Amino acid sequence: MRLMIKAAGPRTIVVGSTGCMYVANTTYYSTPWVVPWMHTQLGSAGSAAMGTAAGIAAQMRKGKMKDEPINVIAFCGDGGGVDMGLSAISATLQHEEYNLMIICYDNKSYANTDIQVSGSSPYGANSTFSPPGKVHRIMNKRWKKNTAPMLSVGHPGLRYVATACASYGLDFTNKIRRALTIGGPTFVHCIDPCPKGWDYDPKYSHELGMLAVETGLWAQI
Numbered sequence: 010m011r012l013m014i015k016a017a018g019p020r021t022i023v024v025g026s027t028g029c030m031y032v033a034n035t036t037y038y039s040t041p042w043v044v045p046w047m048h049t050q051l052g053s054a055g056s057a058a059m060g061t062a063a064g065i066a067a068q069m070r071k072g073k074m075k076d077e078p079i080n081v082i083a084f085c086g087d088g089g090g091v092d093m094g095l096s097a098i099s100a101t102l103q104h105e106e107y108n109l110m111i112i113c114y115d116n117k118s119y120a121n122t123d124i125q126v127s128g129s130s131p132y133g134a135n136s137t138f139s140p141p142g143k144v145h146r147i148m149n150k151r152w153k154k155n156t157a158p159m160l161s162v163g164h165p166g167l168r169y170v171a172t173a174c175a176s177y178g179l180d181f182t183n184k185i186r187r188a189l190t191i192g193g194p195t196f197v198h199c200i201d202p203c204p205k206g207w208d209y210d211p212k213y214s215h216e217l218g219m220l221a222v223e224t225g226l227w228a229q230i
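Numbering follows the numbering used here, in which position 70 of the sequence shown is assigned residue number 79; successive positions increment by one, without gaps.
There may be inaccurate statements among the hints.
Stated by the list, open to error - 27 Å max Cα-Cα, derived DSS-like pairs, lysine-lysine:
(1) K15 to K212
(2) K75 to K154
(3) K205 to K143
(4) K154 to K143
(5) K75 to K15
Unchecked claim - Distance ranges between label pairs, derived from CB positions:
(6) G72 to G166: 21 to 31 Å
(7) H215 to S139: 21 to 31 Å
(8) G163 to G72: 36 to 46 Å
(9) M69 to S139: 44 to 54 Å
(10) P211 to N135: 14 to 24 Å
(11) V162 to R187: 32 to 42 Å
(12) L179 to K154: 25 to 35 Å
(13) P140 to R187: 36 to 46 Å
(14) A228 to M69: 29 to 39 Å
(15) T137 to S99: 25 to 35 Å
(16) Q68 to A228: 38 to 48 Å
(17) Q50 to R20: 23 to 33 Å
(18) P131 to L179: 23 to 33 Å
(19) A33 to T190: 25 to 35 Å
Hints are computed from structural coordinates only; laboratory data are not their basis. All values derive from a computational prediction rather than experimental measurement. All C-beta atoms in this analysis are idealised placements derived from N, C-alpha and C, irrespective of residue type, glycine included.
Produce the entire structure from the sequences given, and follow the hints as far as they go.
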């Protein structure tokens, strides 16, 4: 999130759905954000982003705000973006007239509620709802969703889509800047190693992000 805001700059409004970052940001009834920030419901990151962008456009049209570029960013986890928030994101990406970016920070589980499987969890993931064992499924093997390519193919009005990893800082910031300056709705899908959910020492987060890319577990596009 720090890299995202550095790339976006001060003329930015951030909307965040319920999730890990929401809890981390509001533990003491305050927020560390240096830009305006607003909380929204778990499945409504897309709707909140579109409403914010539409409101800004209306105020500028009426002359109540200076007509200037203002970044609208909505962030969500894989639970709020890949699962229950996917329909709202899909609806938002159909509106080409609004300038906004949706960023999904993906740690491969519902980590905020003690590590449950999400639609982005890889095959064989160990979670509180899917512990490893000897029983194998005969049919309907579970595979993760390829969310970014799926959104790109299904939404012709989507102006820019990318996958990213904060371990590659320059690539990450370049993609954020590109998404914010191209105009129209954009989507960036990031892999975020999670010390709690993946059970490792936090000091290895950067290294694990790089390994995810280098081993092909996370494709950079």
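Hints and how they fare:
1. Annotation: proposed proximity of K15 to K212 holds, straight-line Cα distance about 22 Å (limit 27 Å).
2. Annotation: proposed proximity of K75 to K154 is violated, straight-line Cα distance about 41 Å (limit 27 Å).
3. A threshold of 27 Å between alpha carbons decides the hint, and for K205 with K143 the separation of about 25 Å falls inside it, so the pair holds.
4. Taking the CA atoms of K154 and K143, the gap is about 25 Å. The hint holds against a cut of 27 Å.
5. For the suggested pair K75 and K15, the alpha carbons sit about 23 Å apart, so the restraint of at most 27 Å is met.
6. For G72 and G166, the Cβ-Cβ distance of about 28 Å falls inside the hinted range of 21 to 31 Å, so the restraint holds.
7. Our hint of 21 to 31 Å for H215 and S139 holds, since their Cβ atoms are close to 27 Å apart.
8. Between G163 and G72 the CB atoms are about 37 Å apart, so this pair conforms to the stated range of 36 to 46 Å.
9. Checked against the hint of 44 to 54 Å, the pair M69 and S139 passes, with Cβ atoms roughly 48 Å apart.
10. Our hint of 14 to 24 Å for P211 and N135 holds, since their Cβ atoms are close to 19 Å apart.
11. Distance hint check for V162 and R187: the Cβ-Cβ separation is about 20 Å, which falls outside the suggested range of 32 to 42 Å.
12. In this structure the hint that L179 and K154 lie 25 to 35 Å apart at CB holds, the actual value being about 28 Å.
13. In this structure the hint that P140 and R187 lie 36 to 46 Å apart at CB holds, the actual value being about 41 Å.
14. Between A228 and M69, the C-beta spacing of about 38 Å keeps the proposed range 29 to 39 Å intact.
15. Remark: the range hint 25 to 35 Å for T137 to S99 is upheld by a beta-carbon distance near 29 Å.
16. Checked against the hint of 38 to 48 Å, the pair Q68 and A228 passes, with Cβ atoms roughly 39 Å apart.
17. Distance hint check for Q50 and R20: the Cβ-Cβ separation is about 26 Å, which falls inside the suggested range of 23 to 33 Å.
18. Taking the beta carbon of each, P131 and L179 are about 27 Å apart, inside 23 to 33 Å as hinted.
19. For A33 and T190, the Cβ-Cβ distance of about 28 Å falls inside the hinted range of 25 to 35 Å, so the restraint holds.
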